[in-house]
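2 protein chains.
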Amino acid sequence: MNKVILLKNRPKGRPSLEDFEFTEEEKPKPKDGEILLKTKYVSVDPYLRGRMRDEKSYIAPFEVGKPLESGIIAEVLESNNKNFHKGDFVNGMLQWKEFQTSNGNGLNKVDGEKAPLKAYLGVLGLTGITAYLGLEKIGKPKKGETLLVSGAAGAVGSVVGQIGKIKGCRVVGIAGSDEKIDRIQEKFGFDAGINYRTTDNMKKAIAAACPDGVDVYFDNVGGEILDAALANMNKYGRVVNCGAISLYNKKETPTGPRVETTLIKKSIMMQGFTVRDFVKDFGPAQNQLAKWMEQDKLSYLETVVEGFENIPQAFIDLFDGKNKGKMIVMV
Amino acid sequence: MNKVILLKNRPKGRPSLEDFEFTEEEKPKPKDGEILLKTKYVSVDPYLRGRMRDEKSYIAPFEVGKPLESGIIAEVLESNNKNFHKGDFVNGMLQWKEFQTSNGNGLNKVDGEKAPLKAYLGVLGLTGITAYLGLEKIGKPKKGETLLVSGAAGAVGSVVGQIGKIKGCRVVGIAGSDEKIDRIQEKFGFDAGINYRTTDNMKKAIAAACPDGVDVYFDNVGGEILDAALANMNKYGRVVNCGAISLYNKKETPTGPRVETTLIKKSIMMQGFTVRDFVKDFGPAQNQLAKWMEQDKLSYLETVVEGFENIPQAFIDLFDGKNKGKMIVMV
Chain A
1 MNKVILLKNR PKGRPSLEDF EFTEEEKPKP KDGEILLKTK YVSVDPYLRG RMRDEKSYIA
61 PFEVGKPLES GIIAEVLESN NKNFHKGDFV NGMLQWKEFQ TSNGNGLNKV DGEKAPLKAY
121 LGVLGLTGIT AYLGLEKIGK PKKGETLLVS GAAGAVGSVV GQIGKIKGCR VVGIAGSDEK
181 IDRIQEKFGF DAGINYRTTD NMKKAIAAAC PDGVDVYFDN VGGEILDAAL ANMNKYGRVV
241 NCGAISLYNK KETPTGPRVE TTLIKKSIMM QGFTVRDFVK DFGPAQNQLA KWMEQDKLSY
301 LETVVEGFEN IPQAFIDLFD GKNKGKMIVM V
Chain B
1 MNKVILLKNR PKGRPSLEDF EFTEEEKPKP KDGEILLKTK YVSVDPYLRG RMRDEKSYIA
61 PFEVGKPLES GIIAEVLESN NKNFHKGDFV NGMLQWKEFQ TSNGNGLNKV DGEKAPLKAY
121 LGVLGLTGIT AYLGLEKIGK PKKGETLLVS GAAGAVGSVV GQIGKIKGCR VVGIAGSDEK
181 IDRIQEKFGF DAGINYRTTD NMKKAIAAAC PDGVDVYFDN VGGEILDAAL ANMNKYGRVV
241 NCGAISLYNK KETPTGPRVE TTLIKKSIMM QGFTVRDFVK DFGPAQNQLA KWMEQDKLSY
301 LETVVEGFEN IPQAFIDLFD GKNKGKMIVM V
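Line order of the protein sequences matches chains A and B.
Numbering-wise, the working numbering puts 243 at position 243 of the first sequence, and it's gapless, one number per residue.
Numbering-wise, the working numbering puts 190 at position 190 of the second sequence, and it's gapless, one number per residue.
None of these hints come from the bench; they were simulated from the model.
One or more hints might be untrue.
[What the hints assert, rightly or not] BS3-like, lysine-lysine: derived pairs with alpha carbons at most 27 angstroms apart:
#, chain 1, residue 1, chain 2, residue 2
1, B, 265, A, 66
2, B, 322, A, 280
3, A, 280, B, 137
4, B, 203, A, 56
5, B, 12, B, 322
6, B, 142, A, 140
7, A, 56, B, 142
8, A, 140, B, 265
9, A, 265, B, 143
10, A, 204, B, 56
11, B, 143, A, 251
12, B, 235, A, 140
13, A, 250, B, 203
14, B, 143, A, 137
15, A, 251, B, 204
16, B, 265, A, 137
17, A, 250, B, 235
18, A, 265, B, 322
19, A, 12, B, 265
20, B, 140, A, 137
21, B, 143, A, 56
22, B, 204, A, 143
23, B, 251, A, 235
24, A, 8, B, 265
25, B, 204, A, 250
26, A, 235, B, 140
27, B, 204, A, 56
28, A, 137, B, 137
29, A, 140, B, 280
30, A, 322, B, 265
31, B, 56, A, 265
32, B, 142, A, 280
33, B, 280, A, 280
34, A, 140, B, 56
35, B, 324, A, 265
36, A, 235, B, 56
37, B, 265, A, 265
38, B, 235, A, 203
39, B, 142, A, 143
40, B, 280, A, 56
Build out the structure end to end from the sequences listed, making use of the hints.
And the structure:
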């Protein structure tokens with residue numbers, strides 16, 4: 001039999017285990033042109049929370065009673081498709097199933113010799129590519145500028161900060177524990193860090209950590225931390241709206257200070273994006289990230305949880321910041 | 001003697017005549033290298049409200065007890081500067097005085113033969129240039145796209161809409177009276193208009209007037225109209241934050257729905273600007289606007305108030321939408 005995880009209910013506020021349903025189905029057989037895949041590593045990411053809402057977005061919402069999906073590394077067990085061979089490993093958006101078939105569309109082969117397979121879900125995968133392209137295409141940091149990053153110890157934020165250092169910026173990170181603040185400075189080379197959980201006045205704390213103001217703010221969290229960052233932006237500052245994890249579980253439309261007057265006064269740009277906007281740049285981005293890895297300029301951390309049945313809990317734990325870097329489930 | 005208008009108090013909320021003080025001083029004499037100027041036309045603009053606050057912005061705040069200033073067309077009465085001659089007309093940021101001296105820095109000569117002098121404060125001046133460069137540099141409308149403009153009957157908005165039509169867009173305007181809605185359609189060629197004062201649900205009204213969604217929103221007002229526009233933006237939409245007149249007189253920090261989730265979901269860019277950001281493009285912008293005027297592609301309206309002593313009231317009247325197009329005081 002084949003284990004499958006379905007969306008049972010659309011979560012109200014913070015997701016819980018009750019929102020997921022475990023079921024079993026027949027192990028599928030690949031038809032002509034198809035391959036049979038065995039799930040090896042499953043990426044769980046904050047943005048999946050958005051797909052659990054019944055709302056129009058850049059990607060269709062998950063359907064209640066249907067399998068969830070995310071970035072997955074899988075092994076090809078059987079192939080009726082000339083582009084794939086038994087023993088290949090592939091990366092793509094796949095369903096939360098132990099086994100599944102695919103016609104190969106949207107799957108990329110990954111080379112476990114060049115980098116650990118898991119890295120293709122993290123620093124060499126959509127996570128690293130999100131960090132790289134969000135910064136390159138929108139933030140456009142220049143040497144000597146100050147780059148502020150929220151979710152700085154996370155999978156995206158830690159890569160953003162390291163790229164900022166490679167580009168010659170002063171890099172300041174915001175994260176939610178002293179341990180994370182130590183980590184971003186010691187392991188990822190950030191110049192300074194702010195623990196927002198122990199800071200009363202984020203606006204002042206950012207001003208103190210960024211004495212020349214903020215030129216680029218790479219935002220993974222939204223909400224009040226974004227407000228505090230905006231108050232510290234320099235003229236011609238750029239805000240990269242990558243994520244808003246602080247708002248994803250809100251039941252009501254969140255409100256806050258209006259931004260338009262600040263944007264006008266300081267000629268600030270705010271731009272939201274999703275990594276799929278830049279799909280034609282994925283190849284060069286992955287090559288650049290791989291090169292920096294080889295040169296030991298890019299470190300990363302992973303939290304690896306074992307067991308297919310732990311995928312939902314690993315996802316829920318993201319909202320408590322229990323992950324160190326990329327959260328991955330090894331099946 | 002020489003009449004002068006000073007900022008008496010920083011306005012609390014809506015400006016009133018009590019915030020201005022009339023005084024007299026000796027008529028100045030130009031020194032070596034200086035010119036003596038007589039004020040002819042004074043531009044009053046919503047953005048001046050921002051300079052009346054004691055806040056850091058793109059331009060220094062006005063000082064209490066000091067003369068106000070704005071865009072002014074003046075006549076050269078005497079010249080000790082080889083770049084200017086008696087009888088020339090100049091355009092620049094000048095003080096609210098009947099007579100003043102200048103070393104000529106920041107002043108541009110204007111040609112009353114090519115266009116009416118007043119036009120250099122409006123469609124050929126910072127107003128028209130703001131419309132043109134905000135749209136060209138940030139909004140980047142493409143043929144076939146939908147352009148939504150607020151403050152559509154105003155000096156900037158009416159030019160934005162006409163340029164949108166020149167570029168081949170569907171252009172929809174928002175304004176505050178049925179008369180203005182008629183005007184933007186009949187005089188300025190907008191495809192549709194929404195009177196926000198008689199519309200209960202702006203979000204639905206915009207959806208109805210923009211059946212293909214909004215690609216570019218040129219915002220002169222901010223606040224709830226911006227919220228309604230954002231709700232109707234298409235993927236990759238661009239918001240040009242030019243002004244926020246609905247917020248300028250607020251005493252408390254205005255709040256509203258947070259934008260970051262919307263920006264991310266639809267890969268929307270919002271960018272604030274002030275026309276000075278693009279100062280090196282002023283010449284080509286003015287040339288393009290003059291060419292369209294010659295080709296009868298660009299209409300404009302002015303409200304001309306007479307009398308130096310009416311400058312403050314003309315400014316205050318902007319916040320009640322009493323102007324048709326550019327508000328100018330003829331001295």
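Okay, the hints, checked on the actual structure:
1. B:265 to A:66: This hinted pair holds, its Cα atoms lying about 22 angstroms apart.
2. B:322 to A:280: violated (51 angstroms)
3. A:280 to B:137: Measuring from Cα to Cα gives roughly 24 angstroms; hence the hint holds.
4. B:203 to A:56: Answer holds: residue 203 of chain B to residue 56 of chain A is near 16 angstroms, not above 27 angstroms.
5. B:12 to B:322: holds (21 angstroms)
6. B:142 to A:140: Roughly 24 angstroms separates the two Cα atoms, so the pair holds.
7. A:56 to B:142: holds (24 angstroms)
8. A:140 to B:265: The given pair, whose Cα atoms are some 21 angstroms apart, holds under the 27 angstroms limit.
9. A:265 to B:143: violated (30 angstroms)
10. A:204 to B:56: Roughly 16 angstroms between the alpha carbons, so the hint for residue 204 of chain A and residue 56 of chain B holds.
11. B:143 to A:251: violated (39 angstroms)
12. B:235 to A:140: Given pair residue 235 of chain B, residue 140 of chain A holds - Cα atoms ~22 angstroms apart, limit 27 angstroms.
13. A:250 to B:203: Satisfied, since the Cα-Cα distance of roughly 22 angstroms is no more than 27 angstroms.
14. B:143 to A:137: holds (24 angstroms)
15. A:251 to B:204: holds (23 angstroms)
16. B:265 to A:137: holds (17 angstroms)
17. A:250 to B:235: holds (23 angstroms)
18. A:265 to B:322: Distance ~25 angstroms between residue 265 of chain A and residue 322 of chain B Cα, so the pair holds.
19. A:12 to B:265: It holds: about 19 angstroms lies between the C-alpha atoms, which stays within 27 angstroms.
20. B:140 to A:137: Distance ~17 angstroms between residue 140 of chain B and residue 137 of chain A Cα, so the pair holds.
21. B:143 to A:56: The hint holds at about 26 angstroms.
22. B:204 to A:143: violated (46 angstroms)
23. B:251 to A:235: This hinted pair holds, its Cα atoms lying about 24 angstroms apart.
24. A:8 to B:265: holds (24 angstroms)
25. B:204 to A:250: Within the cut-off at roughly 24 angstroms; holds.
26. A:235 to B:140: Holds - the C-alpha atoms of residue 140 of chain B and residue 235 of chain A are around 22 angstroms apart, at most 27 angstroms.
27. B:204 to A:56: holds (17 angstroms)
28. A:137 to B:137: Distance of about 17 angstroms is within 27 angstroms: holds.
29. A:140 to B:280: It holds: about 22 angstroms lies between the C-alpha atoms, which stays within 27 angstroms.
30. A:322 to B:265: holds (25 angstroms)
31. B:56 to A:265: Roughly 8 angstroms between the alpha carbons, so the hint for residue 56 of chain B and residue 265 of chain A holds.
32. B:142 to A:280: Roughly 22 angstroms separates the two Cα atoms, so the pair holds.
33. B:280 to A:280: violated (33 angstroms)
34. A:140 to B:56: Roughly 25 angstroms between the alpha carbons, so the hint for residue 140 of chain A and residue 56 of chain B holds.
35. B:324 to A:265: Holds, at roughly 26 angstroms.
36. A:235 to B:56: holds (11 angstroms)
37. B:265 to A:265: OK: residue 265 of chain B and residue 265 of chain A at ~26 angstroms, within 27 angstroms.
38. B:235 to A:203: violated (32 angstroms)
39. B:142 to A:143: violated (33 angstroms)
40. B:280 to A:56: violated (41 angstroms)
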